[in-house]
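Colleague: Each chain, letter by letter, is given below.
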Amino acid sequence: MTLLLGGARSGKSAHAEQLATVFPAPWTYIATAQAYDDEMAERIALHRGRRVEGWETLDAPLDLAGAIESVPDGRPLLVDCLTLWLSNHLLAEHDVERESERLAQVLGKPRGPWFVVANEVGLGIVPDNALARRFRDAAGRLNQKIAARATHVLFMVAGLPMQVK
Amino acid sequence: MTLLLGGARSGKSAHAEQLATVFPAPWTYIATAQAYDDEMAERIALHRGRRVEGWETLDAPLDLAGAIESVPDGRPLLVDCLTLWLSNHLLAEHDVERESERLAQVLGKPRGPWFVVANEVGLGIVPDNALARRFRDAAGRLNQKIAARATHVLFMVAGLPMQVK
Amino acid sequence: MTLLLGGARSGKSAHAEQLATVFPAPWTYIATAQAYDDEMAERIALHRGRRVEGWETLDAPLDLAGAIESVPDGRPLLVDCLTLWLSNHLLAEHDVERESERLAQVLGKPRGPWFVVANEVGLGIVPDNALARRFRDAAGRLNQKIAARATHVLFMVAGLPMQVK
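Protein chains in written order, with full-length UniProt numbering: chain H, 1 to 165; chain L, 1 to 165; chain R, 1 to 165.
No lab work stands behind these hints: they were computed from the structure. Among these hints, one or two may not hold up.
Copies of the same chain look alike in the list, so a pair counts if it works inside one copy or between any two.
Unchecked claim - SDA-like, lysine to any residue: derived pairs with alpha carbons at most 25 angstroms apart: (1) Lys145 <-> Glu39; (2) Lys145 <-> Ala132; (3) Lys165 <-> Ala35; (4) Lys145 <-> Leu19; (5) Lys109 <-> Leu46; (6) Lys145 <-> Pro26; (7) Lys109 <-> Thr21; (8) Lys145 <-> Val52; (9) Lys145 <-> Ala45; (10) Lys145 <-> Met40; (11) Lys165 <-> Thr151; (12) Lys145 <-> Glu42; (13) Lys165 <-> Ala148; (14) Lys145 <-> Leu46; (15) Lys145 <-> Tyr36; (16) Lys145 <-> Ala25; (17) Lys165 <-> Leu19; (18) Lys145 <-> Ala65.
Given these sequences and hints, build the entire structure.
Modeller: This is the structure we're talking about:
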């Protein structure tokens, strides 16, 4: 399992797609984004448009562990992305620690070449509002949890990977 | 062409100056900053004050590609910085994709040792306002475009370079 | 002296504790946090709870240089963290350049295995308010100053160290 971390527009998704498609099709793409406004709908369409034939797309804004468990053994998998999934749970006021733990269990036992995208959001100024601080902390803890179980961790900078692990 | 990426006060400009002045003078410095307030005027003065004799300074808040084209063959060049230039175009409501593409064309054909500074701004929390999000996206895309054409990419951390490419 | 830089929840403190406790106890922990609200009190309690026996804790929200000078020769030391210390001085309207310079002098002459934690806060969007920008600039300058005197600099990503120096 490879974790791809990076900031906004750092080329995480495109690089993860390149890595996954080194393996033979079909590939599974699990999207966690919810199109709750036009801006987000546009971003989702952009990501979908870039993917070539051979991709099967599953939507899993909340039950990501379940979606991953449904993927056949040996199938190349791209999860995009953990941070939106976490944000969906936080907004729904779910127990994010329990959800993160369950997800880590599933991702920690990969059954094929799995590529997982997540955002690094903790390198700016401390946010003013308490919800943003809680989100930032939860995202950082989740990234640490998944990174500890990954065989490779990449930090993306301007479309280029730096190997962290 | 070397791209130096980093956060605020990460030592990008000072390191770029060190790299450029390894080559014999004269050196050309293209500044993209506009002194629209006192704080910015102070920063510009600070940067200018640090540069020793031997530097020729051009101001190019908008026509950066044109300024770069005017630089003689073989001349060491420092562009500081892409992110302010992008911000100037965004505020002027210009077509930043077209401008970025033109700039990438010019930077992709270096005619000497060229050093280009840009900010990484996508590693914090998603900004509240839509303009900041658009800026963040455009800056990330521009960094990717230039990084793809660079021979070397450095990520600056506390004044120290990490080699990305 | 080793400087550990990273974002929020990047695992800086935990990794620094691991590095310090490779050396024999007792270890000195200098905390710069002030529990001015419940959220901060909780974070401090969490950090204290993680540390095992063998740690002696000093509180130094302002006189960090003095606290470090009081540590016996050869004693493993963890300073956590520079960025909160800087923020305490900024809020108290002290001369942060002078304080930073004094601190750099003391940290530049380590008398044992010293580990220093600091936040990288400059990789997000430029903050709206002037105080946050001043803080961000001062934090970046301080990080550069200490990094220049460190023998090792680590950039923490999701709990994993990247060696910068």
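Colleague: Next, verify each hint and record whether it holds.
Modeller: Now for the hints, and whether the structure bears them out:
In the homo-oligomer, the alpha carbons of Lys145 and Glu39 lie at most 25 angstroms apart only across protomers (23 angstroms), although the nearest pairing inside one protomer, at 30 angstroms, exceeds that limit. Taking the shortest alpha-carbon separations for Lys145 and Ala132, only the intra-copy value of 20 angstroms comes in at or below 25 angstroms, while the best inter-copy value is 30 angstroms. In this homomeric assembly, Lys165 and Ala35 never come within 25 angstroms of each other (Cα to Cα): the closest approach is 33 angstroms inside a single copy and 35 angstroms across copies. In this assembly of identical chains, the alpha carbons of Lys145 and Leu19 lie at most 25 angstroms apart whether taken from the same copy (22 angstroms) or from different copies (20 angstroms).
In the homo-oligomer, the alpha carbons of Lys109 and Leu46 never lie at most 25 angstroms apart, since the shortest distance is 31 angstroms inside one protomer and 30 angstroms across protomers. Taking identical chains as interchangeable, the C-alpha atoms of Lys145 and Pro26 are never at most 25 angstroms apart, the minima being 29 angstroms within one chain and 30 angstroms between chains. Only within a single protomer do Lys109 and Thr21 lie at most 25 angstroms apart by alpha-carbon distance; the minimum there is 21 angstroms, versus 31 angstroms between protomers. For the identical chains of this complex, Lys145 and Val52 are inter-copy neighbours only, at 21 angstroms across copies versus 31 angstroms inside a copy, given an alpha-carbon limit of 25 angstroms.
Within a single copy, Lys145 and Ala45 get their C-alpha atoms only as close as 30 angstroms, which misses the 25 angstroms cut-off; across copies the closest is 21 angstroms, which meets it. For the homomeric pair Lys145 and Met40, the shortest alpha-carbon distance between copies (23 angstroms) is at most 25 angstroms, but the shortest distance inside one copy (27 angstroms) is not. In this homomeric assembly, Lys165 and Thr151 come within 25 angstroms of each other (Cα to Cα) both inside a single copy, at 7 angstroms, and across copies, at 22 angstroms. Taking identical chains as interchangeable, the C-alpha atoms of Lys145 and Glu42 lie at most 25 angstroms apart only when they sit on different chains, with a minimum of 21 angstroms there against 31 angstroms within one chain.
For a Cα distance limit of 25 angstroms, the shortest separation of Lys165 from Ala148 qualifies both inside one copy, at 9 angstroms, and across copies, at 23 angstroms. In this assembly of identical chains, the alpha carbons of Lys145 and Leu46 lie at most 25 angstroms apart only when taken from different copies (17 angstroms versus 29 angstroms within one copy). Proximity of Lys145 and Tyr36 under a CA criterion of 25 angstroms is satisfied in neither setting, with 28 angstroms inside one chain copy and 30 angstroms between copies. Taking CA atoms no more than 25 angstroms apart as the test, Lys145 paired with Ala25 passes in neither setting, with 29 angstroms inside one copy and 28 angstroms between copies.
Proximity of Lys165 and Leu19 under a CA criterion of 25 angstroms is satisfied in both settings, with 16 angstroms inside one chain copy and 18 angstroms between copies. In the homo-oligomer, the alpha carbons of Lys145 and Ala65 lie at most 25 angstroms apart inside one protomer (15 angstroms), although the nearest pairing across protomers, at 35 angstroms, exceeds that limit.
Comparing the model with each earlier hint shows violations of hints 3, 5, 6, 15, 16; every other hint is respected.
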